[in-house]
Every structure is written in C-alpha cells, then in structure tokens.
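*Asks:* With chain A's structure known, arrange chain B on it following the hints.
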Amino acid sequence: MPAPSGVVNAIYSTVIRRNFGFLGVIFLGAFATEIAFETTANSIWNSINRGRQWRDIKHRYMEQDE
Amino acid sequence: MPVVSLEYVFEMSSLRATRALGAAKSGATRTAQRNASSQSSSESAGSWKDTALLGSSTAFAIGSVSWYYYQFGRPAYAMTPQEEGLHPPKYPWEHEKLYKTFDHGTLRRGFQVYREVCSSCHSLSRIPYRTLVGNMMTVDEAKGLAEENEYDTEPNDEGEIEKRPGKLSDYIPNPYKNDEAARAANNGALPPDLSLMVKARHGGCNYIFSLLTGYPEEPPAGAVVASGLNFNPYFPGTGIAMSRVLYDGLVDYEDGTPATTSQMAKDAVEFLNWSAEPEMDDRKRMGWKVMAVGGVLFALSIWIKRYKWVNVKTRRLLYDPPTTGPNRPDNVTVGSAFRK
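Chains as they are written, first to last, in numbering that gives the first Met the number 0: chain A, 0 to 65; chain B, 0 to 339.
Keep in mind the hints are simulated off the structure, nothing from the lab.
Fair warning: there could be bad hints in the mix.
[What the hints assert, rightly or not] When the alpha-carbon atoms are kept at most 30 angstroms apart in a straight line, the in silico DSS-like pairs for lysine-lysine are as follows:
id	chain 1	residue 1	chain 2	residue 2
1	B	K304	A	K57
2	B	K48	A	K57
3	B	K198	B	K142
4	B	K288	B	K198
5	B	K89	B	K312
6	A	K57	B	K283
7	B	K96	A	K57
Bound conformation, chain A alone (with noise of 0.2 angstroms):
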C-alpha cells in the first residue's frame, strides 16, 4: 500500500473506514451505474430505430383525438 497522500486519505477516511460509508458508496454507484446504462442503451437503441417504434408515430392518431 503505498503512503496515502491528501486525496486518497480523504477518499479512505470518508468512503472506506465506516461500513456506512463504504455500503452507501456501493449502492449509489450501483444505482448510478444502472440509470446511466440504462438511459445510453436505450438511446441507443430508439436512435438504431427511428420511425419504426410506436413512440415515433403515436402523435399522428393522438391529435385527431384530442
């Protein structure tokens, strides 16, 4: 382990040292890495299909409801 310097030692100090800290980083990275992919893969993907999904054409029958 080489010597903590100023930043790693907050990083360890915050996050690392309490099981609170440390569970919580986890699970809100989990969340965050979720959303995140979530989110780009389905960009992604309606971006790939443009036109073709229900999303992309619903507005046409919407109006005449409305």
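*Replies:* Same frame as chain A, but now just chain B:
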C-alpha cells in the same frame, strides 16, 4: 506487486520464444533423419506391384464409400416436390434483423388488412384488444373497436347470461361459433387461427407472403386442381381451399400508402409476426443489453484469470546436477546404453 509480475511476463515471453525456436530446430533434424531412413528402405523393395496394390485398394475404398453413400447416405424425402410445395424465396425482412424492431406503422396497416379482409374467415383468438394499445392504436381507438362487439356477461341474479359491449380485456372474436360451423361455411375446409401462424408454418414470413401473392392467373398446364380448390404452388399439395383475396386497391390505407397486393401482403405478414411474437421488440432490446454487460464481465473474468495465474505460468524449474560424486549424470546408467 503488479509491476513485478509484468516484468516476469516480459522476461518469460522472450524466454519462451527462444525455447520454441530450439524445439523447431530439433524437430526439423528429426524429420530429416526419418525421411532418410524411409527412403533407403523403399528403394530396395519398390516395384510396380506395390503401386498397383496401393492404387487398387485406394480405388476400392473410394468406391465402397461412395456406393454406401449412394445407398444409405442421401437425404430421404417422404413427399414428392408437388406434395412438399414450392419453397418460398427468402425476402430481406427489415424486422427480422437482430437490431430492428417491428415497424409499428406497418403493424397498424397490417391489422387493418386483417380486420377488413382476413377476419371474415380467420380467427385471431389469442390477441386481446389491450395488446393493440401502445403498439398500433391509442387507448380510445382500441376501446371503440372493442365496443363494436358483444360478449357474454357473468350470470345475473336469475342466472341469465346477457350481452355487454366489449372491453379492452376481451379477445378478438372468432368469425364462426366453432370449428364445425367454420368447416360448414367453407366447403369442409377449416380456416386456421392466425395468432401463431408465422411460428406454425415452415418458412414463416416468407411462406405466408409467397402464399398470399403467389396465386397464378390460371393453373399451369397439366396441374390437377380438385373442385372447390385453388392452385397455389407454395401450398403443400398445391390445392388450397382459400382463393386469392388480395387485389390492388382492396383496402384504403389512412396514411396514404398505395394498397398494392404485395404491400398488403407484407403488412399483414408483419402484423401476423407481431401477433405470434409480441415480445420481439423487448426481447431484442434486452438481448443487446445482456450482450453488452456480459461482454464486459467476460473480458473482466479473462483478465482476473490471467492475473491470478501469472505466478504459476511464469514459474521456472531449474535442475542443478551434482558435478562430483557417484550421482553425477555421467556415472549413472539408466535403461539402454544407447541413451547415454
């Protein structure tokens, strides 16, 4: 610690390379020796008899294998090509690509074709109105469509079963009360349910599209068409009870698409594919996500394996033989004297 192991890796890879080179060299000398010995023996015994024996036995082996294949190896067809039906050509369906969803505008047109043409004979009994919502219709459109039909209620206080207008949870009604009524109305032929038809027929979309568009103007000369049947080369047996139904301009599309025969057939086929696989869009989307995450995890697992094994893979065993005493290699005789 990782730095040290990296150094090991580099050192070991260079060592391995030199070792491989040495192995190749010794292998080459060994083959050269073997060649020399075999040549010397064949020179003494070679004659035309050997050549003839070799040639005739080779010809016999090839002949017996091909005879066996001719007898038993060829594919067996239970049906004649006429009974099998013409195999449909393979069309480049856009929605069958791994990264493409259904074209939901096409689905809407296809459902219109089903409603106005197919539904007079064919049922679609596994599709409830609610599945149309968010796929090819708005809620209000689907509700309006459901209310056009009447369904049985639960028994009331007197045990009478009354009629009520349809709801979103109701299934699309069958054109006939039961199979017997369907047969009676169609000259003894039962129009099959179309819900799973794309999955149920060999050739799937290609077959149904070819069937719908493949009716010739007249049956070809020599074709036998039984009374009440129509000729279609793609239908197994070529005699089909359904006559040609799709003609240009049969349907008025609300989005202005020209209603040609092939356009209507294509829309109906894609709609039937949706009714057979309504989960396809979500399945493909989820599949790509699984591939992405799984790819990352797979790469990670390979890296971890190499990380854990690097100490084992780069280990070297050194043998330092004694230079003096009775155990010196020169003084020990093991096995044949030639091994020394």
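*Asks:* Keeping to a limit of 30 angstroms between CA atoms, is the pair of B/K304 and A/K57 held or broken?
*Replies:* Roughly 50 angstroms between the alpha carbons, so the hint for B/K304 and A/K57 is violated.
*Asks:* Within a Cα-Cα threshold of 30 angstroms, do B/K89 and B/K312 meet the stated pairing?
*Replies:* violated, 51 angstroms
*Asks:* Would the pair B/K96 and A/K57 pass a check requiring their Cα atoms to be no farther apart than 30 angstroms?
*Replies:* holds, 23 angstroms
*Asks:* Just to be careful, I want the Cα atoms of B/K198 and B/K142 compared with a cutoff of 30 angstroms; is the pair within it?
*Replies:* Holds: B/K198 and B/K142 sit about 28 angstroms apart, inside 30 angstroms.
*Asks:* What's the verdict on B/K48 and A/K57, does the C-alpha distance respect the 30 angstroms limit or exceed it?
*Replies:* violated, 85 angstroms
*Asks:* Next pair to validate is A/K57 with B/K283; report whether the Cα-Cα distance is within 30 angstroms.
*Replies:* Status holds; Cα separation ~21 angstroms.
*Asks:* Below or equal to 30 angstroms on CA atoms is what counts here, so check B/K288 against B/K198.
*Replies:* holds, 25 angstroms
In summary, the numbered hints that this structure violates are 1, 2, 5.
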